[in-house]
Amino acid sequence: MKTLLEVKNVSKQYGTDTVALSDVNFSVKEGEFVSVIGPSGAGKSTLLRCINRMIEASNGEIIFDNVNVQGLRKKELRRLRTKIGMIFQHYNLVMRMSVIENVLHGLLGYKSTFSGVLGLYSEEEKKKALQVLTILGLQEQVYKRCDQLSGGQKQRVGIARALIQNPKMLLCDEPIASLDPNASKIIMDYLKKISSSMGITVLVNLHQVDVALKYSDRIIGVSKGKIVYDGSPKKISEEEINTIYGSEAGELMIEVGGK
Amino acid sequence: MKTDFFAKKRRQSLLILFVLVLVCYGSIILTDYDVAKGFTSFPMAIDWGLSNFYPTEASLAKLPEILAELLQTVLVSIAAATVAAVCAMLFAIFGSSITKVNNFMSTISRGIATLFRNIDVAAWAMILLFSFGQSALTGYFALFFVSFGFLTRAFIETIDEVGSGSVEALTATGASYFTVVFQSVIPSSLPQMISWVLFMVETNIRSATLVGILTGTGIGFLFDLYYKSLNYNVASLIVITIVGAILLIEYISNYVRRVIL
Ligand SMILES: Nc1ncnc2c1ncn2[C@@H]1O[C@H](COP(=O)(O)OP(=O)(O)OP(=O)(O)O)[C@@H](O)[C@H]1O
Ligand SMILES: [Mg+2]
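Those sequence lines, one after another, are chains A and B.
Read in order, the letters of the first sequence are residues 1 to 259 in the numbering used here.
Read in order, the letters of the second sequence are residues 1 to 261 in the numbering used here.
The following block holds chain A by itself, in its conformation from the complex (with noise of 0.2 Å):
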């Protein structure tokens, strides 16, 4: 299959001192379903930032779709920025708005400024948001404000956001840290759908490993902002998950091999 996004000796040092990321490499096919977990301040939330540019690496190369994304500029950025999905651990939805308002902002990516700021959206887009909606089961939802949902029907608003930009990727900053278990399943089970049936790319950021072991198909393992893992999930051994989270054998909760 064909190759999406490379990273290529990507660096990133915040101030002087701080090193995020140092020398990462690493390339997604289209459709894969890649999740990143690594230890508290590994840098997983700065590399996916440095993907769509919302942080500047300091160093390398990322190639999305065949472009270069260092090189473009304010423009050409924001037409790549409408091809990536963000998702947010805490939705980062505007509260006091609707839902349907906030699904219809995916869309303000393709909008010239005159009509974003007056948020002018055609009948047709209208239609389109209610669609997504309808696939994330949040019919019964549409014309409430966010700020009276669940949090698990939050992040669904924020993945119905995502979705009506008709990205080619998604990137997932730890999309089920806010919430229990069972809005958890419910989550990852939608990425998973929006993976498989839509061809959608999803490069996911998250703290459970064996969420991760069970909905990807590879593994990124980040360590002090070092590529220190990278293959399928069914290979990985209980030892290469420590090295990841730099603990010892047996310290952490996790069943590894089939389970």
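Source of the hints: derived by calculation from the structure; they are not laboratory data.
It should be emphasised that the depicted structure is a prediction, and the values quoted were computed from it without experimental measurement.
Glycine residues also receive a C-beta, built at the ideal position from the N, C-alpha and C atoms.
Certain hints may be false.
[Unchecked claim] Okay, derived cross-link-like pairs now, DMTMM-like style, lysine to aspartate or glutamate, Cα gap no bigger than 25 Å in a straight line:
1. A:K126 - B:D160
2. A:K168 - B:E168
3. A:K75 - B:E168
4. A:K83 - B:E168
5. A:K74 - B:E168
6. B:K100 - A:D210
[Stated by the list, open to error] Computed footprint of chain A on chain B, listed as stretches where at least three residues anywhere in the stretch have a Cβ under 8 Å from a Cβ of chain A:
7. 163-169
8. 185-196
[What the hints assert, rightly or not] From chain A, some residues computed to sit far from chain B (all C-beta separations above 12 Å):
9. N68
10. K193
11. V211
Given the structure of chain A, go ahead and fit chain B with the ligands onto it with the hints provided.
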């Protein structure tokens, strides 16, 4: 260890109390303030007020004139607060760390706001007297400048408070800067901002009286006029109408707050 921690906290509280008492006592000594006399003169003041400072039937004849001036003062206060709010919104967007364009603009915006806020409304009135003379415009600008400084600060805090989450999300969809501001920052912070503007209107009406005395316009001037000509009956009527107006505005703004928040 634990007991030591609480003992230390108690010692700190005692120390703070001691310092407060000391400062209070020190200032009484320095200003030659007679505490006993201070309290005993209260009844005298009340006695004077009751025997002189009340409206009579004759003073009621002045009511239409008073109300006209009061209306002008209220309108000037509202105009100053609302126009200031529009300017403050712009400066707050450039000043807030979440929506700033760059650090330079942010520092400049915050600096200007701080300058305008920290000059008292009375000082502004005196300064502007030179440029505009004794006119309603002087009062208007004095109120405008102070409102602008205060509201910019309040709006910056409001924007910072509603957080960077949705700004980040909309930027990640590829939305342009102004789209992000209008679709995320303003909708999230507008109710809180309106609440601040209402507060500013109330504050302005209170300060307008003082500004009026200084600039010789509006209800403040009228009060000054009758008070200095020893017509305490009319002066008291003016005070009563001002209090009434403030209560009314406060009632209205509380109602609006309840509806929007
Ligand atoms: N804006 C910033 N300024 C300075 N240092 C930062 C900034 N953002 C992150 N860092 C530092 O970069 C390193 C990587 O941070 P990052 O947020 O990418 O880690 P993470 O793997 O996402 O952690 P977590 O799992 O806790 O979210 C950390 O040491 C962090 O302190
Ligand atoms: Mg993170």
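These are the hints, each one checked on the structure:
1. A:K126 - B:D160: The hint is violated at about 31 Å.
2. A:K168 - B:E168: holds (19 Å)
3. A:K75 - B:E168: holds (17 Å)
4. A:K83 - B:E168: holds (16 Å)
5. A:K74 - B:E168: holds (16 Å)
6. B:K100 - A:D210: Not OK: K100 (chain B) and D210 (chain A) at ~41 Å, beyond 25 Å, violated.
7. 163-169: holds (count 4)
8. 185-196: holds (count 3)
9. N68: holds (17 Å)
10. K193: Label holds. Min Cβ-Cβ 22 Å, cutoff 12 Å.
11. V211: holds (23 Å)
When each numbered hint is compared with the structure, violations occur for hints 1, 6.
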